[in-house]
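Q: Now for the letters of each chain:
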Amino acid sequence: MNLQAALPLTDAAFALTLVLLLVAPLAIAGVALINTGLGRSRSAAQALVGNLAMIAVAAIVFAVAGAAFTGNLTGTPGGAGHVFYMAGKPWNWLGAAPFLLGGLGSAPPTSQLALVFELMAVAMAVMIPWGSGADRLRLSAGLAISVLLAAIIFPLLAHWVWAGGWLAQLGVNFSLGAGFLDGGGAATAHALGGISALAVVWIAGSRRGKFPKEGLATAMPGHNAVYVVFGCLLALVGWLAWNVAGAVIWLHAPLAALPVTAVNTLLSASGALAATFTVTRVRFGKPDASLCANGWLAGLVASSACAGLVTPAESIFIGLAAGVITPLLVELLELALSIDDPSGAITVHAVGGLWGLLAAGIFAPQQGQFVAQLIGIATLLGLVLPGVYLLFKLLNRVVPFRVDQDGERIGMDLHELGGGAYPEFVIHRDDSYR
Amino acid sequence: MKYAGLLVMTAGFFLSITAIVLYSAATPRAAFVLCGLAVQGLGLFVAVRAHMEARGESRS
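Those protein sequences? They're chains C and Z, same order as listed. Here the first sequence is numbered in the working numbering, starting from 1 and rising by one per residue. Here the second sequence is numbered in the working numbering, starting from 1001 and rising by one per residue.
Hints are computed from structural coordinates only; laboratory data are not their basis. Each residue gets a CB set at the ideal place from its N, CA and C atoms; glycine is no exception. Possibly wrong hints are sitting among the right ones.
The following residues of chain C were derived to be distant from chain Z, with all beta-carbon distances above 10 angstroms [what the hints assert, rightly or not]:
| id | residue |
| --- | --- |
| 1 | Leu-9 |
| 2 | Val-23 |
| 3 | Leu-101 |
| 4 | Gly-103 |
| 5 | Val-226 |
| 6 | Leu-328 |
| 7 | Ser-338 |
| 8 | Gly-382 |
| 9 | Pro-386 |
| 10 | Arg-409 |
| 11 | Ile-410 |
Below 20 angstroms or equal to it, Euclidean Cα-Cα: the simulated DMTMM-like pairs (lysine to aspartate or glutamate) are [stated by the list, open to error]:
| id | chain 1 | residue 1 | chain 2 | residue 2 |
| --- | --- | --- | --- | --- |
| 12 | C | Lys-286 | C | Glu-331 |
| 13 | Z | Lys-1002 | Z | Glu-1053 |
| 14 | C | Lys-213 | Z | Glu-1053 |
| 15 | C | Lys-213 | C | Glu-416 |
| 16 | C | Lys-393 | Z | Glu-1053 |
| 17 | C | Lys-213 | C | Glu-331 |
When you get a sec, could you build the whole thing from the sequences and use the hints?
A: Printed below as a string of structure tokens:
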């Protein structure tokens, strides 16, 4: 696809994009269901309430402060921000819009749509680490993480990528294609969320009994495969809307290019599912439901970066690669690297997102686009990951991430909410606590 | 050790940024940026190793 210059939206395009953005939260609902289903039954209510609370906190914090640092509501095309000069080039590093969404009503329609998209993206970003911290991450810690991500980290990254920041300007300043491209939030929502998930797992540690003194890691399967698979179906609907809306807002795609974006999204997820299904069938003798769900989601995440930029054949390849990587990496993280990630968010969102961003560079026709995408990936790994880890480490001193041993033993539902998600069910004794 | 690994990852990022500032030709620029990413991979390896060692000491 040839990237268009940003033009004022027609009324039809504005209406279509707004409707798509109202459907996009289904992706968030799908991911929430998947994360809950992959956790344990005794923490299911806490997981879903936590998701809701984190989304609410993130929305308020982003509206109050985060949107100002993102800088899309300045009325200036591409946003405005604080700039420093290095090597004779401007480096726009921080947005400069009014706090409390000042000027929202009078902002250009594209800026208003951009803000709605960013609200969805910040909601997605904050709930991803929550899934990885399942069964041991305290609700208060989840909310504190949400504040930190929505107030500082997401706005910085979103400004760099979406609001005329230095990553978006790589094309203008360094002749690197069209600058760093992220049409559906693969970097700003998914990779950021996945990287935050890694930081949470590193700081909170593994679930008690997950890695015994001797032998292999204990299998702790998800408690509800129906939630997980239904979450995948729900996520597809949301993702289709999300990627198509992103193509209009961030890639300035014409209406005629939108069906291809939707087709690419579906093909990427389908390719990923086919690959994961095959890999798990070969590895374990039977396809694994939770890994297939993770593969499907990884295909969707990868499509977030490139559905508006590649051809359908390339989308299938991107999905296939994501689907092969996902089950192998989930196994590697758990068995070889001692990383306890119940929802698989590190693989699905961080690695899936990074793969999609790289694939966008590989298949993009513009000269220099590959290097622009590499710079974006280097930023996520070299600035965002260390920054997030350091901030979370400091936050952990103020609001401890991990629940006490008693809380982990009785389950997060009883410990934090005082009641379980399934009060009429008999809870099986957990052998890992013997 | 984990902090050392993360610091190396940051160094890799600055290496990549230096590449686009110093070089204008496509090939050396891409090669230098890839070297920066390789350094980041090394840093990530160190950080993950540090996590594994810490986990090995505190296995429940």
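Q: Work down the list of hints and note, for each, if the structure agrees.
A: Against the structure, the hints:
1. A cut-off of 10 angstroms between C-beta atoms confirms that C/Leu-9 is not in contact with chain Z; the least separation is 32 angstroms.
2. C/Val-23, annotated as away from the interface, keeps every beta carbon of chain Z farther than 10 angstroms; the closest lies near 36 angstroms.
3. Even its closest Cβ contact with chain Z, about 32 angstroms, leaves C/Leu-101 beyond 10 angstroms, as expected for a residue assigned away from the interface.
4. Here C/Gly-103 stays apart from chain Z, with its beta-carbon at least about 33 angstroms from theirs, past the 10 angstroms limit.
5. For C/Val-226, the non-interface assignment is confirmed: its Cβ lies about 31 angstroms from the closest Cβ of chain Z, beyond the 10 angstroms cut-off.
6. At roughly 16 angstroms, the least C-beta separation between C/Leu-328 and chain Z is larger than 10 angstroms, which holds for a residue marked as non-interface.
7. Remark: the non-interface label on C/Ser-338 conflicts with the geometry, its nearest Cβ contact in chain Z lying 4 angstroms away (cut-off 10 angstroms).
8. Not every beta carbon of chain Z lies more than 10 angstroms from that of C/Gly-382, the smallest distance being close to 2 angstroms; the non-interface claim is violated.
9. C/Pro-386, annotated as away from the interface, has a beta carbon of chain Z within 10 angstroms; the closest lies near 4 angstroms.
10. Taking the minimum C-beta to C-beta distance to chain Z, about 12 angstroms, the non-interface status of C/Arg-409 holds against the 10 angstroms cut.
11. Non-interface status of C/Ile-410 relative to chain Z is upheld: no Cβ of that chain comes within 10 angstroms, the nearest being about 17 angstroms off.
12. Annotation: proposed proximity of C/Lys-286 to C/Glu-331 holds, straight-line Cα distance about 16 angstroms (limit 20 angstroms).
13. A distance of roughly 10 angstroms separates the Cα atoms of Z/Lys-1002 and Z/Glu-1053; the hinted pair therefore holds under the 20 angstroms criterion.
14. With a CA separation close to 13 angstroms, the supplied pair C/Lys-213 and Z/Glu-1053 stays within the 20 angstroms bound.
15. Taken as a hint, the C/Lys-213 and C/Glu-416 pair is broken in the structure, with Cα atoms around 29 angstroms apart against an allowance of 20 angstroms.
16. About 18 angstroms separates the Cα atoms of C/Lys-393 and Z/Glu-1053, which keeps this hinted pair within 20 angstroms; it holds.
17. A threshold of 20 angstroms between alpha carbons decides the hint, and for C/Lys-213 with C/Glu-331 the separation of about 19 angstroms falls inside it, so the pair holds.
The structure does not agree with the numbered hints 7, 8, 9 and 15 stated previously, though it agrees with the rest.
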